[in-house]
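K.L.:
The lines below spell out each chain.
Protein chains: 2
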Amino acid sequence: MEKGSCSALCDAIKELQGLLGEDAISTDDEDLREHGYSEWSTVNIDALPIAVAYPRNTEEVSQIAKVCTKYRVPMVPFSGGSSLEANFAAPFGGICIDFAFMDHIIAVHDKDMDVVLQPAVQWMELNEKIKHTGLFFPVDPGPSAKIGGMVGTSCSGTNAFRYGTMRDWVVNLTVVLSDGRIIKTRRRPRKTAAGYNLTGLFIGAEGTLGIVTEITLKLAVIPQETRVGVATFPTIRDAASTAMQIIRAGVPVAAMELLDEVQMNVINRAGAVSRRYAEVPTLFFKFSGTTAGVQDNIRISRKIATANNAEDLIFAKNEEEGKALWTARKEALWSMMSLREPGSEVWSTDVAVPISRLPEIIEISKKEMDELGLFASILGHIGDGNFHESIMYQPHEKAAVEHVVHRMVNRALEMEGTVTGEHGIGLGKKQGLVKELGPETIAVMQTIKKSLDPYWLLNPGKIFDYGDVTLTKDISEATAASTLDHPQR
Amino acid sequence: MEKGSCSALCDAIKELQGLLGEDAISTDDEDLREHGYSEWSTVNIDALPIAVAYPRNTEEVSQIAKVCTKYRVPMVPFSGGSSLEANFAAPFGGICIDFAFMDHIIAVHDKDMDVVLQPAVQWMELNEKIKHTGLFFPVDPGPSAKIGGMVGTSCSGTNAFRYGTMRDWVVNLTVVLSDGRIIKTRRRPRKTAAGYNLTGLFIGAEGTLGIVTEITLKLAVIPQETRVGVATFPTIRDAASTAMQIIRAGVPVAAMELLDEVQMNVINRAGAVSRRYAEVPTLFFKFSGTTAGVQDNIRISRKIATANNAEDLIFAKNEEEGKALWTARKEALWSMMSLREPGSEVWSTDVAVPISRLPEIIEISKKEMDELGLFASILGHIGDGNFHESIMYQPHEKAAVEHVVHRMVNRALEMEGTVTGEHGIGLGKKQGLVKELGPETIAVMQTIKKSLDPYWLLNPGKIFDYGDVTLTKDISEATAASTLDHPQR
Numbered sequence: 001m002e003k004g005s006c007s008a009l010c011d012a013i014k015e016l017q018g019l020l021g022e023d024a025i026s027t028d029d030e031d032l033r034e035h036g037y038s039e040w041s042t043v044n045i046d047a048l049p050i051a052v053a054y055p056r057n058t059e060e061v062s063q064i065a066k067v068c069t070k071y072r073v074p075m076v077p078f079s080g081g082s083s084l085e086a087n088f089a090a091p092f093g094g095i096c097i098d099f100a101f102m103d104h105i106i107a108v109h110d111k112d113m114d115v116v117l118q119p120a121v122q123w124m125e126l127n128e129k130i131k132h133t134g135l136f137f138p139v140d141p142g143p144s145a146k147i148g149g150m151v152g153t154s155c156s157g158t159n160a161f162r163y164g165t166m167r168d169w170v171v172n173l174t175v176v177l178s179d180g181r182i183i184k185t186r187r188r189p190r191k192t193a194a195g196y197n198l199t200g201l202f203i204g205a206e207g208t209l210g211i212v213t214e215i216t217l218k219l220a221v222i223p224q225e226t227r228v229g230v231a232t233f234p235t236i237r238d239a240a241s242t243a244m245q246i247i248r249a250g251v252p253v254a255a256m257e258l259l260d261e262v263q264m265n266v267i268n269r270a271g272a273v274s275r276r277y278a279e280v281p282t283l284f285f286k287f288s289g290t291t292a293g294v295q296d297n298i299r300i301s302r303k304i305a306t307a308n309n310a311e312d313l314i315f316a317k318n319e320e321e322g323k324a325l326w327t328a329r330k331e332a333l334w335s336m337m338s339l340r341e342p343g344s345e346v347w348s349t350d351v352a353v354p355i356s357r358l359p360e361i362i363e364i365s366k367k368e369m370d371e372l373g374l375f376a377s378i379l380g381h382i383g384d385g386n387f388h389e390s391i392m393y394q395p396h397e398k399a400a401v402e403h404v405v406h407r408m409v410n411r412a413l414e415m416e417g418t419v420t421g422e423h424g425i426g427l428g429k430k431q432g433l434v435k436e437l438g439p440e441t442i443a444v445m446q447t448i449k450k451s452l453d454p455y456w457l458l459n460p461g462k463i464f465d466y467g468d469v470t471l472t473k474d475i476s477e478a479t480a481a482s483t484l485d486h487p488q489r
Numbered sequence: 001m002e003k004g005s006c007s008a009l010c011d012a013i014k015e016l017q018g019l020l021g022e023d024a025i026s027t028d029d030e031d032l033r034e035h036g037y038s039e040w041s042t043v044n045i046d047a048l049p050i051a052v053a054y055p056r057n058t059e060e061v062s063q064i065a066k067v068c069t070k071y072r073v074p075m076v077p078f079s080g081g082s083s084l085e086a087n088f089a090a091p092f093g094g095i096c097i098d099f100a101f102m103d104h105i106i107a108v109h110d111k112d113m114d115v116v117l118q119p120a121v122q123w124m125e126l127n128e129k130i131k132h133t134g135l136f137f138p139v140d141p142g143p144s145a146k147i148g149g150m151v152g153t154s155c156s157g158t159n160a161f162r163y164g165t166m167r168d169w170v171v172n173l174t175v176v177l178s179d180g181r182i183i184k185t186r187r188r189p190r191k192t193a194a195g196y197n198l199t200g201l202f203i204g205a206e207g208t209l210g211i212v213t214e215i216t217l218k219l220a221v222i223p224q225e226t227r228v229g230v231a232t233f234p235t236i237r238d239a240a241s242t243a244m245q246i247i248r249a250g251v252p253v254a255a256m257e258l259l260d261e262v263q264m265n266v267i268n269r270a271g272a273v274s275r276r277y278a279e280v281p282t283l284f285f286k287f288s289g290t291t292a293g294v295q296d297n298i299r300i301s302r303k304i305a306t307a308n309n310a311e312d313l314i315f316a317k318n319e320e321e322g323k324a325l326w327t328a329r330k331e332a333l334w335s336m337m338s339l340r341e342p343g344s345e346v347w348s349t350d351v352a353v354p355i356s357r358l359p360e361i362i363e364i365s366k367k368e369m370d371e372l373g374l375f376a377s378i379l380g381h382i383g384d385g386n387f388h389e390s391i392m393y394q395p396h397e398k399a400a401v402e403h404v405v406h407r408m409v410n411r412a413l414e415m416e417g418t419v420t421g422e423h424g425i426g427l428g429k430k431q432g433l434v435k436e437l438g439p440e441t442i443a444v445m446q447t448i449k450k451s452l453d454p455y456w457l458l459n460p461g462k463i464f465d466y467g468d469v470t471l472t473k474d475i476s477e478a479t480a481a482s483t484l485d486h487p488q489r
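Chains A and B, in that order, are what the protein sequence lines are. The opening residue of the first sequence carries number 1 in full-length UniProt numbering; numbering runs sequentially from there. The opening residue of the second sequence carries number 1 in full-length UniProt numbering; numbering runs sequentially from there.
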């Protein structure tokens with residue numbers, strides 16, 4: 001029996017059904033499609049997983065990994081399914097591991113300000129459930145994201161300017177390795193200098209180094225007061241200048257988001273807010289902290305904004321409207337998708353640059369994007385030098401859209417930036433990563449990958465391809481195994 | 001000629017002198033001792049490096065690595081030499097790479113709020129040199145630490161509560177691999193989700209995975225105002241309760257440090273402050289931000305402190321005294337060392353626990369430490385759950401001191417803590433690390449080590465030993481090279 005072949009796959013599925021129960025492994029067509037295709041992904045491929053496994057605990061994930069290693073079957077982890085770069089596509093088939101039943105909060109350590117949970121906990125649901133402790137988890141990507149995928153893509157969101165990204169909030173991870181071994185990256189102190197930062201290595205590895213089955217997250221104190229304000233500007237450059245000056249004044253704003261006129265139009269049309277906002281370049285501010293601190297931050301920010309040609313800062317009239325406004329911003333992509341023409345597709349992607357270059361790259365990229373004449377908008381996490389383009393298009397317009405997106409990505413690289421600030425590489429940005437880091441740096445990543453996943457079974461084909469970069473002879477000799485074989489290539 | 005043997009070492013040195021110049025490689029006895037022994041280390045060993053290399057740039061470090069790999073000679077990086085766990089000791093001899101001549105600030109990107117520099121830049125000197133930009137680098141370990149070593153040990157300091165540790169402030173690293181290849185971990189955006197977090201992997205790896213030759217650091221805005229305040233308490237528990245309540249109130253204090261009565265005595269005796277402080281458990285506060293924000297933080301903190309039996313908050317009378325007070329705290333270890341009895345030695349070490357456990361572990365550990373009847377003190381980064389014990393002792397008292405330290409370390413582990421919050425593992429805490437993480441997790445670290453440094457030449461003997469944990473068969477087969485040989489064992 002050839003390992004990795006069709007009969008091996010059938011045997012693997014039978015063995016897993018024997019171990020986990022018939023119902024734990026699905027080969028239903030619709031199920032496979034839901035786990036291999038995504039309407040909002042920049043890339044979709046023809047291949048689908050050949051089965052979906054639904055483990056109930058870490059031990060079952062370990063059993064899956066052992067069987068998959070035995071039969072050389074790829075494993076692709078899946079939680080919220082909201083990623084944008086085909087991070088959970090299955091180019092080599094294999095088994096999708098869906099954490100749907102691993103959605104429990106295991107422990108809330110109120111006094112230590114941390115929480116232990118499983119991968120399929122949704123971040124907004126987490127915050128709802130721990131609200132009574134006075135604590136919250138501050139990383140805020142798209143509403144449907146779940147913690148497992150958030151770890152995998154090292155995501156962030158609008159709160160990143162104040163609170164940082166996933167890398168700053170994960171205390172430890174329980175990880176199932178390719179061969180089924182279970183490790184915990186570290187214990188539960190908020191700070192440690194003990195040994196290699198394995199936690200940080202698995203964050204952002206998109207499931208290619210190990211399968212995360214349990215996560216301890218730090219929590220933050222819910223601010224006494226939060227206020228959401230909006231400032232409109234004649235130009236994007238005025239808005240960007242305002243943001244930079246606020247940063248340099250040391251004002252601890254909780255978030256600053258740049259929205260273009262299209263995005264403001266989408267918010268007006270979505271109707272969740274009580275007033276109609278001008279459809280011009282706009283900054284959304286979130287001020288939070290003690291009541292006196294918030295007043296002070298507003299005072300300084302208002303002064304800087306008006307000095308940069310802003311109409312006055314308008315505040316949401318109450319907390320509810322503030323939330324509605326912020327939600328409107330966070331649901332930007334979904335709102336746009338609901339307003340698109342029938343038959344159209346979406347290309348939503350992000351880059352990040354050193355912060356001083358943000359106004360320039362946004363200006364040029366927006367001009368090029370507008371010249372497409374499509375329903376398209378720009379959203380920026382302006383304090384982080386990170387922004388998003390979302391473009392709706394009909395299939396025949398794809399080449400033109402792709403051209404504009406690639407020009408934006410290359411421009412970011414010319415400015416010493418990155419091809420992705422918070423979405424990850426997945427399938428969609430592998431070529432960009434090679435341009436960004438060069439073959440020597442990617443070779444180091446591949447060396448680490450090979451050392452931990454010698455049969456290349458964990459989410460294969462993501463971040464980089466197998467062997468598209470030649471390792472230097474010395475390292476190859478010492479690390480490459482003669483038994484190394486690649487699944488289904 | 002046998003590789004790794006004495007004649008190989010001589011040949012390696014000759015070859016390096018040919019490449020870098022005679023003066024670039026020292027074999028002077030005093031030089032060797034200064035690079036292999038440390039008065040303040042918890043551990044010292046008999047072995048010394050056999051030579052010290054003084055490279056002038058990344059290319060020269062690469063040449064050193066190539067020669068050392070060719071002759072199988074260990075390489076030990078060295079910058080400030082202030083580490084405490086024998087992190088730069090040379091148990092297998094080899095060549096110490098001292099960055100003394102790589103001490104330049106390469107670029108200050110004021111508008112991007114980052115700086116590019118070489119490993120031997122001292123952090124306080126950096127802050128002095130960039131002061132005119134209105135920016136500073138917030139990680140503040142012992143005053144003599146240099147950026148290279150700070151990356152190696154993933155250090156932090158008193159500012160960590162507000163600003164985080166080294167992991168939060170490094171944008172990218174230029175790294176020379178064991179075989180001399182040069183890589184850059186990533187480009188210069190403040191945020192990225194592109195590929196594996198190699199930056200984070202090299203931080204805290206103590207030079208065992210690669211030699212860091214260039215560092216880009218994020219900078220923060222110098223706060224408009226900084227005030228230093230002191231509150232004294234009847235018990236350590238009152239001080240700890242105050243700190244926890246301030247955290248939970250969401251007050252963004254810049255730093256909170258716990259000092260015991262011995263440390264306050266040391267500060268009084270050192271004489272850098274204008275008044276005599278009570279020699280009781282004490283919290284040092286640093287408040288910083290906008291002027292109004294600082295006032296607000298002080299108001300809330302004072303209220304909480306007095307509710308927890310504090311004498312009133314006393315403020316340094318001006319900025320200069322504030323700095324003097326904070327410097328006194330930061331130089332605690334050196335002040336104690338200058339006051340110790342002739343012939344005595346020092347054991348200075350740290351652990352960290354989940355924050356709610358800090359009062360308990362400090363109380364028990366301090367009691368046991370006091371029972372030794374020695375000149376000894378406790379200092380805590382209380383917001384991080386991290387604290388230090390410093391004990392002065394005569395050589396014959398070593399066993400008793402060791403016993404107390406080990407009990408503290410084991411206690412931290414029982415509380416789900418770590419054997420080191422900010423000093424690293426070095427030689428001193430290898431056994432602790434095995435207890436903390438277990439053999440499976442260390443095996444993963446070893447697998448990564450072997451993949452990047454197959455001949456085990458980079459700072460060998462640190463963090464973990466070669467082969468003290470058995471890898472599982474599958475991974476061993478795939479990664480272990482038949483050519484793998486270990487230097488000088």
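Keep in mind that the hints were calculated from the coordinates and are not lab data. Among these hints, one or two may not hold up.
You can't tell identical chains apart in this list, so a pair holds if it fits in one copy or across any two.
What the hints assert, rightly or not - Below, computed lysine-lysine pairings styled on BS3-like, alpha-carbon distance capped at 30 Å:
#1 Lys317 <-> Lys398
#2 Lys70 <-> Lys129
#3 Lys14 <-> Lys303
#4 Lys111 <-> Lys303
#5 Lys184 <-> Lys435
#6 Lys367 <-> Lys111
#7 Lys317 <-> Lys184
#8 Lys218 <-> Lys330
#9 Lys111 <-> Lys70
K.L.:
All hints, please: hold or fail.
P.N.:
A quick look at each hint next to the structure:
no.: 1; hint: Lys317 <-> Lys398; in the structure: neither (42 Å within a copy, 67 Å between copies)
no.: 2; hint: Lys70 <-> Lys129; in the structure: neither (40 Å within a copy, 58 Å between copies)
no.: 3; hint: Lys14 <-> Lys303; in the structure: neither (67 Å within a copy, 65 Å between copies)
no.: 4; hint: Lys111 <-> Lys303; in the structure: between (39 Å within a copy, 21 Å between copies)
no.: 5; hint: Lys184 <-> Lys435; in the structure: between (34 Å within a copy, 13 Å between copies)
no.: 6; hint: Lys367 <-> Lys111; in the structure: between (51 Å within a copy, 24 Å between copies)
no.: 7; hint: Lys317 <-> Lys184; in the structure: neither (47 Å within a copy, 49 Å between copies)
no.: 8; hint: Lys218 <-> Lys330; in the structure: both (22 Å within a copy, 27 Å between copies)
no.: 9; hint: Lys111 <-> Lys70; in the structure: neither (44 Å within a copy, 53 Å between copies)
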